[in-house]
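Number of protein chains: 2
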Amino acid sequence: VGSALSFWAWGRADRFPDLAARRALAEQVEFLTGRAVGPPRDLPVAEKVRLPPPRLAEKARAPVVPFGGGTSVVGGVEPALPAGFNGVVSLDLGRLDRVLEVDEVSRCARVQAGIRGPALEEQLAAHGLTFRHYPQSFEFSTLGGWIATRAAGHFATLATRIDHQVQAVRMLTPRGPYETPRVPSSGAGPAPQGLVLGSEGTLGVITEAWMRVLRPPRWRSRATVFFDGFAAGAHAARELAQSGLFPSNCRLLDPGEALVHGVATGGAAVLLLGFESADHPLDAWMARGLAVAGAHGGRCPDGPSSGERTGDAADAWRDAFFRAPYLQSALVSLGVLADTFETACTWDRFESLHETVVSRVEEALRLHCGAGLLTCRLTHVYPDGAAPYYTFVAPARAGAEIEQWREVKRAAADAVAAAGGTVTHHHAVGRVHRPWYDRERPEPFGRVLRAAKETLDPAGVLNPGVLME
Amino acid sequence: VGSALSFWAWGRADRFPDLAARRALAEQVEFLTGRAVGPPRDLPVAEKVRLPPPRLAEKARAPVVPFGGGTSVVGGVEPALPAGFNGVVSLDLGRLDRVLEVDEVSRCARVQAGIRGPALEEQLAAHGLTFRHYPQSFEFSTLGGWIATRAAGHFATLATRIDHQVQAVRMLTPRGPYETPRVPSSGAGPAPQGLVLGSEGTLGVITEAWMRVLRPPRWRSRATVFFDGFAAGAHAARELAQSGLFPSNCRLLDPGEALVHGVATGGAAVLLLGFESADHPLDAWMARGLAVAGAHGGRCPDGPSSGERTGDAADAWRDAFFRAPYLQSALVSLGVLADTFETACTWDRFESLHETVVSRVEEALRLHCGAGLLTCRLTHVYPDGAAPYYTFVAPARAGAEIEQWREVKRAAADAVAAAGGTVTHHHAVGRVHRPWYDRERPEPFGRVLRAAKETLDPAGVLNPGVLME
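Heads up: the protein sequence lines correspond to chains D and X, in order. Whatever position you read off the first sequence (first residue = 1), add 3 for the working numbering. Whatever position you read off the second sequence (first residue = 1), add 3 for the working numbering.
Simulated from the structure, these hints should not be mistaken for laboratory data. Just so you know, these numbers come straight off a predicted model, no measurement behind them. Check the hints yourself; a few may be wrong.
Covered stretches of chain D (chain X as the covering partner; in silico rule of three or more C-beta atoms under 8 Å from a C-beta of chain X) [as the list claims (entries may be wrong)]: (1) 15-23; (2) 255-269; (3) 272-284; (4) 317-325; (5) 399-411.
Over the 10 Å line for every Cβ pair with chain D, so calculated as not near, a few chain X residues [as the list claims (entries may be wrong)]: (6) GLU30; (7) LEU99; (8) PRO219; (9) CYS348.
Beta carbons are placed, not taken as given, at the ideal position from N, Cα and C, and that holds for glycine.
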C-alpha cells in the first residue's frame, strides 16, 4: 500500500524531494530561465491545520464530492461550498478497491471504482491480464476518477481514452442506480454510458464498471527517432497516425521537453515510437513505422530495440514522467511556478495553434513572471489531429503565486480557444476550465446537461460548481 | 442518379425481379423450406394510391419526420400520427447532397446530411479520398440517417460504427442549432455529439457533419477460410478480434448463410477475412491472420489473394449482399415472409445466445408459419464480443403476414434479450424495437432522454413515438 500521502503536495510524503534535492532543482531552474530562484520555503505542516468538527445532519443541505485519488489538476474535488449549502461531504471511495469478476473469454473484468492503478494491475495479473492505463497519476488515481474525467492513458493511438475500455458502467444517482447494459456495442439510441463518461461527479457516483482488459504484451518494439525540428517530427507523427499501423507509443518531444525529461537529444526533437502485441512479432510494423519517420527526416541511429533492453530514451522519459508531479510540488516549495496545460486540435490547425500558444504564453510568462520556460510534447495522435501538451516553469513572487498562475493559465486557455483547440484533451473541466468549457460546449447541450442534472440530482448536491452551475 | 425508386419495395423500381425471376425464387424457397410458395401476387400500383392534399398551416400541430433514404427497417420514418397532432410533415433532406469542404491534411470533410452513399464517394473521389461506409442500404441511405441511427458499415473491426467517423456534427433543433466543436478528441465533459448519434430524428434534424475520411486502399489481402462448424469459426473470429491485427473484413457465415449468398462451401462455415491499407503491404498481417484461423481448424485451400482477382467468395458475397433487400421485396410479393434481425453480445454469452435464438425462432417459425429457414452470420467482431445477424424466410398466409411477422419478430427479440444481447447492433430502435429498447435502456437514462427532448423540442413535434413517447 505504501507510505502516507502528502496532504498538500503530490503523492507520497516521503517521496517529496529533500532540501538538498530542492537546492539542486533551484539551480537547474535558474540555468534554464536565467532568473534567481528560492530559497526553499517552509513546508506546510498538517498539525497546524485546524479542521472544524464534522457537523453533517440528515437534513443538512451538504454537497457531496466523490473522492478517488485526489489527483485532479482542475479543481475537480475541491470542497467548494456554494451559497445555500451547509458543509461539504468528501465521499472517499478508497474501500471500493476490488476486481470483482473476470471474464477471460471476452477479456473484461468487473471492477470497483475506488481501485487505484497499481492495485488494479496487481489483481488482474493474478488472471494473466492487464489494463495498461497509465496516466501520470497512475499510482494514486482511481478507475472511477478515470471514467468520471474521461482520462487518457498509455496508448498514443486507438484506445487513447478510458472511454474505449468501458464496456458497461454503474453509477449511483440520487434518483437510483444508473446501470448500462453489458454488451460490446449497441446501436439502440444514444449511448447511455456517454452521459456517465466525463460527468465529473455531477450526476452520480460511479461505483463499478465492466472494463475491457488485455493480455500482457509479449512482443515489444521501440525506437528513438530524432528530427531537426518539432514541425518535421509532427509531420511524421501525423503520417504515423494516419498509417493504420497503430503504434502504442508515438510521443513527440520538443528539445526542451526532451531535456527536462532526461532524454539527451543535442537540440533535436525526439519521437518515442513503440509497438506492442500479445499476439504477434512486430518487425513489419516497426520497419514501416521507421520508413514513415525517415521520409520526414527522422534518424534512428540505434535502430529499433525489442524492448528488453533498458536504459534507452523511452525508459528515461517514463521515469521522469512519473517523477514530474513530485517535481512540481518541489518547485512550488521553491517559489517557482510550474504547471501544465494541454489540448487537442485538427492537424490543419496544429502549426498555427502551436505558434499562437507559444507566443502568447511566453509573452504572459515575461509579463507576469519576468521570465519562464515553455516546452511541448504530443501525447496522443489521431488520424485527424493531435494532442499537444505544454509545461511551463517560471519564477514566482511570494504572495502573488496564485494570481501569476491565473494570468498564465488564462493566456494559455485563451490562446488554445482562439486557435481552435479544445480546453482540455484529458485534464477534465473541474472548476478551473469552466469559463472556456462554457463557451466550447454547444449551448443546447449545456441546457440538456442542466436538465440531466435536474433529473438525476434534483437537490443539486453532487459536486456543485463543476461542469455547470 | 438512376431510375425511379419503388414506392413500396426495396430500391429502384426497375431492379425489382420480374415474373420469371420470382417464379425461380419461389422454387428455391420451396426447396429450402419444404413448403409450397406463391403464386406471385399482384404488385401494388402507385396510381391506385390516393393521398389527401397537403393541409399544413403555420399553427398546425404537425409532427416532423426527417427523411433521408427511407431505408429504415424499424419503422423509423413512418408518418405515424400521435393523438393531438394534425397531419405529418415528411422532411426530405435529399437536396442537402454536397461535400462542402475538404481538409486533406486532417483527412476529414464537411458533408451535408442528405447525401447518399454513391454521391458521397463520387465527390470525395475528386479529392483522392473515400469514406468506405457500406451498409446494405448504401445506394439509398444518407449520411444524416447513418448518424441518426448509429449505422454500422464496411469495417468488421475498429471503426465498425459511424460514431468513429464523426468529428463534429450540426443538428438543427426547435431551440436553435446544436453544433459540436471540430476537434479530434476532447475530455471536456460528456461528449456532446453522443446525444446526436442515435437520436433518430427525435431531438433535431442533422444537417451536416465533419466526417473522417480515408485514402483509398492501395493494398488489399483477402482469404476465404472454411471451418467444420460455426462454433469453430466463431472461436477463430474471436481470436482475430482480440489479436490487434484489425482485419477490415472478418465476417463469418454459417452454412445456410453461405449458400443463400452464393458462396459454395459444401456445408462448411466460411470466414471472409480481409485486410486493406493505403500505407503498407499486408503480408505479415494476413500470414498471422491465417495462422490464427488455422489454429482453430480453418482451411484456406486457395491461399490469400491480393484482391485484384475477382470471382472469389468475397465478391459473390458482396454482390448477394446488395441484392438481398430486392429479394426480400420479391419474396414478400410471393407470399413469403423474409426479414432479418441482429444483436451484439459478449463472447462469453455468444454460444448460449446463438443456441437460444436458433431454438426459439425456429420454434416460432414452425408454430406461426408451419416451416421456415433461419441463417446466421457474424457481421462485426470486437475484442469483447460479436454482432450476430440472422435472416429468416418462411411461408406466409395471405392476410396474416403482418401478424405472422410480428410473432416471429417478438420471439427473436425476446430470445435476444433473454440471452443478454442488445435489441439492435445497427438497425436502430425506431418504432419496432421500442418495447425491448425501453427495457434495455437504463431507466434513469430514459428520464434524461425525455428531459433532453423537452429541452430541445418542447412541442414534441420531432418524430414522436420513435425512441420514446
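Please confirm whether LEU99 of chain X is truly not at the interface, meaning its C-beta sits more than 10 Å away from all C-beta atoms of chain D. holds (20 Å)
Using Cβ atoms and 10 Å as the threshold, tell me whether CYS348 of chain X really stays out of contact range of chain D. At about 6 Å from chain D, CYS348 of chain X fails to clear the 10 Å cut-off, so the statement is violated.
- Are 3 or more residues of the segment 255-269 of chain D near chain X, judged by a Cβ distance of less than 8 Å? Per the Cβ count (0), the hint is violated.
Item checked: Closest CB of chain D to the CB of GLU30 of chain X still more than 10 Å away -> holds (36 Å)
Original post:
Should the label of PRO219 of chain X as a non-interface residue stand, given a Cβ cut-off of 10 Å to chain D?
Top reply: Given a closest Cβ separation of 13 Å, the condition holds.
>> When I compare C-beta atoms, does the segment 272-284 of chain D have three or more residues closer than 8 Å to chain X?
In response: Per the Cβ count (4), the hint holds.
Worksheet item: In terms of beta carbon proximity below 8 Å, does the segment 317-325 of chain D have 3 or more residues touching chain X?
Response: Coverage by chain X is violated here, the residue count being 0 at a Cβ distance below 8 Å.
Report task. Confirm or reject the coverage of the segment 399-411 of chain D by chain X under the rule of 3 or more residues with a beta carbon closer than 8 Å to the chain's beta carbons. Result -> violated (count 0)
Outcome, coverage of the segment 15-23 of chain D by chain X - at least 3 residues whose beta-carbon is closer than 8 Å to one in that chain:
Since 0 is below three, the answer is violated.
Checked against the numbered hints above, the structure violates hints 1, 2, 4, 5, 9; every other hint is satisfied.
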